[in-house]
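Peer 1: Spelled out, the chains give:
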Amino acid sequence: MSKDDKILKDFTSKEYEHGWSVDFEVDQAPNGLNEDIVRLISKKKEEPNWLLEWRLDAFETFKKMKMPNWANLKIPEIDLQSISYYSAPKKKKELKSMDEVDPELIKTFEKLGISLQEQKRLSGVAVDAVIDSVSIGTTFKDKLSELGIIFCSFSEAVKEHPDLVKKYLGTVIPSKDNYFAALNSAVFSDGSFCYIPKGVRCPMELSTYFRINASNTGQFERTLIIADESSYVSYLEGCTAPMRDENQLHAAVVEIFAASNAEVKYSTVQNWYPGDKDGKGGIYNFVTKRGICSGDNSKISWTQVETGSAITWKYPSCVLKGNNSIGEFYSVAVTNNYQQADTGTKMVHIGKNTKSKIISKGISAGNSQNSYRGQVKVMNRASNSRNFSQCDSLLLGNKCGAHTFPYIDIDNKSSMVEHEATTSKIGEDQIFYCLQRGMDEENAIALIVNGYAKDVLKQLPMEFSVEAQKLLSLTLEGSVG
Amino acid sequence: MLKIKNLHASVEDTKILKGLNLEVKSGEVHAIMGPNGSGKSTLASVIAGREDYDVTDGEINFQGTDLGELGPEERAREGIFLAFQYPVEIPGVSTTNFMKTAVNQIRESKGEKPLDAVAFLKLMKEKMKLVNIRQDLLSRSINDGFSGGEKKRNEIFQMAMLNPKLSILDETDSGLDIDALKIVSNGVNALKSKENATVVVTHYQRLLDYIVPDFVHVLIDGKIVKSGDKNLALELEEKGYDWIKPGN
Numbered sequence: 001m002s003k004d005d006k007i008l009k010d011f012t013s014k015e016y017e018h019g020w021s022v023d024f025e026v027d028q029a030p031n032g033l034n035e036d037i038v039r040l041i042s043k044k045k046e047e048p049n050w051l052l053e054w055r056l057d058a059f060e061t062f063k064k065m066k067m068p069n070w071a072n073l074k075i076p077e078i079d080l081q082s083i084s085y086y087s088a089p090k091k092k093k094e095l096k097s098m099d100e101v102d103p104e105l106i107k108t109f110e111k112l113g114i115s116l117q118e119q120k121r122l123s124g125v126a127v128d129a130v131i132d133s134v135s136i137g138t139t140f141k142d143k144l145s146e147l148g149i150i151f152c153s154f155s156e157a158v159k160e161h162p163d164l165v166k167k168y169l170g171t172v173i174p175s176k177d178n179y180f181a182a183l184n185s186a187v188f189s190d191g192s193f194c195y196i197p198k199g200v201r202c203p204m205e206l207s208t209y210f211r212i213n214a215s216n217t218g219q220f221e222r223t224l225i226i227a228d229e230s231s232y233v234s235y236l237e238g239c240t241a242p243m244r245d246e247n248q249l250h251a252a253v254v255e256i257f258a259a260s261n262a263e264v265k266y267s268t269v270q271n272w273y274p275g276d277k278d279g280k281g282g283i284y285n286f287v288t289k290r291g292i293c294s295g296d297n298s299k300i301s302w303t304q305v306e307t308g309s310a311i312t313w314k315y316p317s318c319v320l321k322g323n324n325s326i327g328e329f330y331s332v333a334v335t336n337n338y339q340q341a342d343t344g345t346k347m348v349h350i351g352k353n354t355k356s357k358i359i360s361k362g363i364s365a366g367n368s369q370n371s372y373r374g375q376v377k378v379m380n381r382a383s384n385s386r387n388f389s390q391c392d393s394l395l396l397g398n399k400c401g402a403h404t405f406p407y408i409d410i411d412n413k414s415s416m417v418e419h420e421a422t423t424s425k426i427g428e429d430q431i432f433y434c435l436q437r438g439m440d441e442e443n444a445i446a447l448i449v450n451g452y453a454k455d456v457l458k459q460l461p462m463e464f465s466v467e468a469q470k471l472l473s474l475t476l477e478g479s480v481g
Numbered sequence: 001m002l003k004i005k006n007l008h009a010s011v012e013d014t015k016i017l018k019g020l021n022l023e024v025k026s027g028e029v030h031a032i033m034g035p036n037g038s039g040k041s042t043l044a045s046v047i048a049g050r051e052d053y054d055v056t057d058g059e060i061n062f063q064g065t066d067l068g069e070l071g072p073e074e075r076a077r078e079g080i081f082l083a084f085q086y087p088v089e090i091p092g093v094s095t096t097n098f099m100k101t102a103v104n105q106i107r108e109s110k111g112e113k114p115l116d117a118v119a120f121l122k123l124m125k126e127k128m129k130l131v132n133i134r135q136d137l138l139s140r141s142i143n144d145g146f147s148g149g150e151k152k153r154n155e156i157f158q159m160a161m162l163n164p165k166l167s168i169l170d171e172t173d174s175g176l177d178i179d180a181l182k183i184v185s186n187g188v189n190a191l192k193s194k195e196n197a198t199v200v201v202t203h204y205q206r207l208l209d210y211i212v213p214d215f216v217h218v219l220i221d222g223k224i225v226k227s228g229d230k231n232l233a234l235e236l237e238e239k240g241y242d243w244i245k246p247g248n
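These protein sequence lines map, in sequence, to chains A and B. Here my numbering is used: the first residue of the first sequence is 1, the next is one more, and so on. Here my numbering is used: the first residue of the second sequence is 1, the next is one more, and so on.
Be aware that a few hints might be false.
Stated by the list, open to error - 25 Å max Cα-Cα, derived SDA-like pairs, lysine to any residue:
#1 B:Lys165 with A:Asn443
#2 A:Lys470 with B:Asn97
#3 A:Lys458 with B:Leu115
#4 A:Lys454 with B:Ser94
#5 B:Lys165 with B:Arg107
#6 A:Lys454 with B:Lys226
#7 A:Lys352 with A:Asp440
#8 B:Lys226 with B:Trp243
What the hints contain is simulated information worked out from the structure, not anything from laboratory work.
Same shape as in the complex, but just chain A (with noise of 0.2 Å):
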């Protein structure tokens, strides 16, 4: 072995930091899926009729489906009746406020650096905290109501605003619109719901925290952000999970609705359990996020910081309806030891002058298969629309993979589309610079790697931006050479 290769070895034989998982008493469903366990979950939430319709809508409609197999990846055969599709922590009443909720839990979310109270949260963040299949608590409601900000769990709402929630669902992501769409559509347990009124600034950065705790569960959760004309919001999202032998499946679904003149940021950092350094166990990733800027001079930003998962299948996308609405997709895909990662965007231009924006940084160590796959689609009437894409990988090693599947449909003449691609190793000439000056192969590591990423992390709101930054040296560290 080269010392190139010791270095990248040592640097990316790092172990997952959120491996530990907690016992609290939960309330969990036996395994297997039918339509017993779709009329269960909906029971258990004490849905309206509507939406159990719904569900077994989607149901039948799943049944039909073939899981997708055109992504670069390897996925193994997933046994979809060996999972359990509603896990929750036993709840002894119904909560008032987040200081009844179980301080074992409380402690759990602590752990990960996400204080839950109020009082102690300096930085203006609100947190929804979603363990397994279940929200326990969302901090700032009420600072955040008096402006008419809806902020709660996704079961919250469908009892406290239905209208919105039945006005909206399924609307940006039909549960036919592909296999885990319609499975979700069909099991989801909870997630977020978040609605800002006509004409407000939320103030503060809402935020979604999963975690995965029980074994042998599927998490699939649903978040619907709909911001209403001349709107603004960001939002974070954040994931982790107990190392555990066995593979888990995550499948969630994030619709996001853009009034006229309204703005979503959304990013995410996701964190969830890859797999140890050869490969075994590690969550199954497949998530269908899709923003829709249905009104003129809308924006929808997705940056994404991707970490961990043994397997990503991820698409964040925006329809560009509106006229001038712009779509915006920053990410970094990071995959190590045996990952495998198929992630992109579409951008779909409908109205006239429709801008997007992609920037993607991958950056592939170990035995790891990372993928770009996007598309640009400009529709008929999309005339005078901009695209303008970069997608660099960037490779740590030799037995690692970097794969770029642009597709460009364009049906109108007056646009311009322009894409950009680079593929580079990391320097033997770059750490040997860095190692000159006095710093370690980790340190010079991570810095490289954050440079070379920086025009994604610099999109992440100020906290996160500093926690994605340690997150990627760490998934990094034992990785270079």
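Place chain B on chain A using the hints.
Peer 2: Same frame as chain A, but now just chain B:
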């Protein structure tokens, strides 16, 4: 400070240094001159600890420590600085950030607290003057799109920031016009003290008009074949290297 004895080094089985001896004391400036391919840059890299080179025989001793066992970062922390012939680009990493990481890691290795933002900025401002370097250059990605002069000036700026005991300037004059050469040389001279030493590796006598050496060594085919004072450099400029080659 630096004692090199019978140093043999090779790259991928090609022998480049073949029994080199050199002694550098505190307060001295040494120039290593020689034709292309004589092993000058190899010598610089071997002292800095670049792993591509195999030291097959001999010893490099720095302040009583055998460098053989030390990695490049440990040598840097001991006070060895290499100004690169071709400074490396690191996109997205500003010189400021690069130096902050380096300075603080060196401090950490010595058990000192990292410099806070204010103290670091103060240090930077002070050293910027030495090489007449602008703030905006330091905020840009290091060496990325820099002119030849800017790159070399940036190297000397880093040298000023790290305050090394032994500085090795590898072909620092290459790619510099006369104005840039003066600025870089002035920086190097300003950093000179009785406690530190400088080794200048160069092709041309020109640089030595500005950085005046106490000793000049001629390196040919992996060995120092002649040593003298600054007049030797002038003689080389006039006569070339042929007269000095072994066997002539």
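Peer 1: Next step is simple, just say for each hint if it's right about the structure.
Peer 2: Hint by hint, here is what the structure shows:
1. The suggested pairing of B:Lys165 with A:Asn443 holds, with an alpha-carbon distance near 23 Å, which does not exceed 25 Å.
2. With a CA separation close to 15 Å, the supplied pair A:Lys470 and B:Asn97 stays within the 25 Å bound.
3. Of the pairs offered as hints, the one joining A:Lys458 and B:Leu115 holds, with about 24 Å between alpha carbons and a cut-off of 25 Å not exceeded.
4. As the CA atoms of A:Lys454 and B:Ser94 are separated by approximately 11 Å, the hinted pair is consistent with the 25 Å bound.
5. Proximity of B:Lys165 to B:Arg107 is assessed by CA-CA distance (about 15 Å); at most 25 Å being required, the pair is judged to hold.
6. At roughly 50 Å between alpha-carbon atoms, A:Lys454 and B:Lys226 are farther apart than 25 Å, so this suggested pair is violated.
7. For the hint pairing A:Lys352 with A:Asp440, the CA-to-CA distance comes to about 52 Å; that exceeds 25 Å, so the pair is violated.
8. Of the supplied pair hints, the one linking B:Lys226 and B:Trp243 holds, its CA atoms being roughly 11 Å apart against a limit of 25 Å.
Hints 6, 7 from the list above are not met by this structure, while the remaining hints are.
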